[in-house]
Structure formats: structure tokens, C-alpha cells
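Chains as they are written, first to last, in the working numbering: chain A, 402 to 688; chain B, 402 to 688.
In case anyone wonders, no lab produced these hints; they're calculated from the structure. Treat the hints with care, as some may be off.
Identical chains blur together in the list; that is why a pair holds if it fits in one copy or across any two.
[To be verified] Heads up, simulated SDA-like pairs for lysine to any residue below, C-alpha to C-alpha not over 25 Å straight-line:
1) Lys677 with Glu657
2) Lys502 with Glu559
3) Lys652 with Asp601
4) Lys502 with Pro486
5) Lys443 with Lys503
6) Lys502 with Leu480
Number of protein chains: 2
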Amino acid sequence: MADLQAALADARDIVANVIDAQPSFGPAPLDDAMRYALEGGKGLRAFLVLEGAGLHGPEHRLRAGHAAAAIECIHAYSLIHDDLPCMDDDDLRRGRPTVHKKWDEATAVLAGDALQTAAFGLIAGAALRDDVTVRLMESLSIAAGYMVSGQMLDMMAERSETPLSLAEAESLQWQKTGALLHWSAVAGALHTDATTKHLDAYGRAIGRAFQIADDILDVEGDADTVGKAVRKDANAGKATFVSLLGLDGAKRRANELVQEACDALSPYGDDAETLKEAARFVIARTH
Amino acid sequence: MADLQAALADARDIVANVIDAQPSFGPAPLDDAMRYALEGGKGLRAFLVLEGAGLHGPEHRLRAGHAAAAIECIHAYSLIHDDLPCMDDDDLRRGRPTVHKKWDEATAVLAGDALQTAAFGLIAGAALRDDVTVRLMESLSIAAGYMVSGQMLDMMAERSETPLSLAEAESLQWQKTGALLHWSAVAGALHTDATTKHLDAYGRAIGRAFQIADDILDVEGDADTVGKAVRKDANAGKATFVSLLGLDGAKRRANELVQEACDALSPYGDDAETLKEAARFVIARTH
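Work out the full structure: start from the sequences and follow the hints.
Next up, the structure:
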């Protein structure tokens, strides 16, 4: 998977460059906490944006750096707030202390807030064609809205006595994780006048596969490699894809979705090899 | 002040109509908490947007409803998060329980997050001219970024032994409160191809006056009328404009700024009467 790893590293560099070029986000603790939260991730979402843009020509990839950085800001904001004591109460993220452990809760709330603002600001200030900017902003706001809605559904499910059905769990996870992965997959094409049809199908499939893989990781992973606490869901008696489909069933479903994702990219031929690798990586990853 | 009160009520109705027309923001507690947080405010920011647009023609006012609703969403999000136990820890807002008291902390974090998303989504989906949408989004993201930065500065000031200088307090308050009021004042003109120059000067002056008035209210107000706890700042030994300038000095400065705001609108003649009333209201208000 050399190509994918190089492409992910490249995406992380591009995001880091865009973020480094931003003026300070405010006083030191806020600015530091925001930049800290942006570090240490895989860069998968940024990679999807850049690679999807690059499929339509290198000039589009060059223009997609702001959208790539924006989705990483949204992702980082969601992680900071999810980790808060009143939410998942996690001390560890990406193998390091969570923002509210390293700073404090108030700084964590504000850093998440400001990262969301920064995401929209990055796209608004990207100097793209105005109609491109508007469609990126509109679709991102819809996906970011789903993410919060999914988080709320997740919280309600944890508090409820009735376990979720498979359809409910799929809807919850689509909202919570899938919608923003899907946005990442189509955002590249949104920079162009090309159809988003193929990347849309790809994004839907990997969005679904991702959470199944996460649930498998929660059961099979090890905290040191995963970089966060594991077996939390199983211990909490949460309905996961593993509890709903069984471990083998979950793996089978994830594999089918990866196949679906790869098939969706066939119109792009060999140009889409790295995106196909990414789809396989989504379910093969160890963290 | 009959005109202003009617115009504020009208602005609140327009915002309510825009929000009512939005699809559900998610599962009931999230959707309910978001709509609850949007209720009971003065609608000052929405009024400023609508009135500033109307100065350039009724057709612009008609188009500005989404931006008016957006700024109220940003304002509501900031209040929900400011009221959290890890921030200002307030139980009362607009005379009613704060969101984390009525629901819980996690719902409050998520409702604030989703209101920020909704703000950008409302503008992105407003079907304005694309270049208008982009400049509204870009300027709003800058102002919303300042707001969080100002909130962080405020928190740092509370924890510090050294009281703020007047210049530091002015910068803090400009970021925390002034920048979004200023945005509200210019957003109407941003819907048009007219200059923002006069509304910019007006917005700068009322943005500055507003926080001075808030500090005066904190000293002179009464919790029942203000709708939130008072004398918190003085009790916390915080540097306020009252502690820095004295009560009379603060009132004098606020009056000067109101005069400045009214003068800035002279090119609009009588059309700007309600905005001038609003400037006077900013320092005369009881809540």
C-alpha cells in the first residue's frame, strides 16, 4: 500500500501548509489547541478531497487544498467535542491526551467551535469560482449538520433500554460518520463541472464501510495501536455492527461495500487506483 | 421608540419564519434545544441585517432574511456554549433555564455546534447571487472567529492576576461582542453593490457601545429585567468598562459612541431613523 501511504502523507502536508499559512486563530492557548487537534490524524478525509479533485485534472487538485484543510478542521472539531467529559469522556485520542486533558474543558469547547468556523472560513476564502464555493459550503453544512444529528442519536441510543435495529444503526452511523466521508469523496468533483455520480456512489459505500470497520476495530483492536480506548462500545452494551451482524457478518458486509466502492470508480480506470486502495484501507486499517 | 420596537418584532418574526421553514435539525431533543435557544432574544442582530439591507431598497430587505436568521443562530450558539458549566456556568438566560439546565450538557454542546453549522448553511442555501453569498460567508466566518477568540481572552483575563488595560479590554470586547454586531450592521449592504462605508462606521460604533452598556447593566440592572445573573463581573473582580472608566465615564463614552453611530448614517437621511433609534437603544436598554 505504498502509494496510498505516500498519498496520505502528501495530503497531510498540504493541509499543514494551508493551516500554517492561516493567521493566528486567537490567543495562544486557543491557537495551540486548534493546531494540536489537527495533528496526528490519518488525513484520510483530506486525501479523499484531493484525490477526487485530481481525478479531474491536476489543476483541480491544486485548488482543493482549502477544502481538504476544511474537512480536517470539521473532523478535528467533532473529535474535540466528542471527547469532552459530558460526551464520550475520553482521555486519549490519536495516542495523545485529548484537548480537554491537555488544556481544560472550556478551551476544548472553544477550540472545537473555532475549528468549525475555520472550516467554513477556509472554503469561503479559498478564491475558488463563486459557484464552486457556494456548492462546497452548502453541501458541507448539510453533512456537518448530519454529523451532530448522528452524535445526538448515538447519545440517545446509549441512554435507551431498547437496542437499535440494523436500519436504525445504519442511519445513525451514516449521519455520524458517513455523511462527512461522503462529502470528502465528492468535494473534489464539486470543484469541477464534472459529474459527481461516480464519486457519490464511492463515497456512499466507504462511508458505510468505515463505521463497520470501526466497530470491528473496537472488538479486535488494541488500544496502543488504535490510539484510543477500545472495547468501550461492547462494554457499554451498545448496538454495533458486530453485535448486530456478528463478527464474520460485519466483515463480510464491509468487504461487499469495499467492492461496491471500487466498482463505482471503474469509469476512471487506472487513475482511481489510489482511491480503490483507500477503500480497502478503510476496512484493513489498524487505527 | 415605537418604530424600533415594531421593527425588532418584525425582525423576530422574519427569523422565526425562516427557521420554521427549515427541515428538522435532527432528533427531537437536538431540534427542540436549538429552536428553544433561538427564542426570547431581542432580535437586535437580525434587525440590523434587515434594516441595513432595507436602506438600499425593499428588494434587498426581502432577500436578507436568511442572513438575519444566520446571525441569530450564531448568537444563540455562542450563548449556549458561554453558559456551559465549564464556561460562565449560568442557569438563567433570557429569563429561562439555560439549555444545559433544561436538557443536559451534552445536548447543549451539540445544539450550539449545530446552530453554528445552521448559520453557514442558511446563508449558503439562501439562493443569493453567488458573489454575495461568498462575501457574506467569508465575513461571517471572520467575525465568528473573533467571537471565540474574544471569549478565550475573557477567560484568560478572569484567570489572570493582572487586570486588563483599557486598550486590552476594548480589544477583548470588540472581538467577543463587537465583531458580530459590526457584521450584522454591514451584512445588509453586503447584499447589494452599494458601499459598506457608512454602515461600517455605524457598526464599529455600536459594537463598541454595546459592551460598555452591558457592563453598565451588570452594575445597575436587576436580574429579573435583565433575564440573567447580574453583578457577576464586579463580584468576579473583572476589569469592565465601569471599573476602568468609572460609571459616569462609561456612560459618557457610550453616549459619544452612539453619537458617532448616528453621525455615520447621515448620508441616508431620514431612512436611517430606526437604525439611529437602535443605536440609542443599545445603551438605553434594560436587558
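Okay, the hints, checked on the actual structure:
no.: 1; hint: Lys677 with Glu657; result: within (13 Å within a copy, 64 Å between copies)
no.: 2; hint: Lys502 with Glu559; result: both (24 Å within a copy, 20 Å between copies)
no.: 3; hint: Lys652 with Asp601; result: within (23 Å within a copy, 58 Å between copies)
no.: 4; hint: Lys502 with Pro486; result: both (10 Å within a copy, 16 Å between copies)
no.: 5; hint: Lys443 with Lys503; result: within (21 Å within a copy, 38 Å between copies)
no.: 6; hint: Lys502 with Leu480; result: both (13 Å within a copy, 24 Å between copies)
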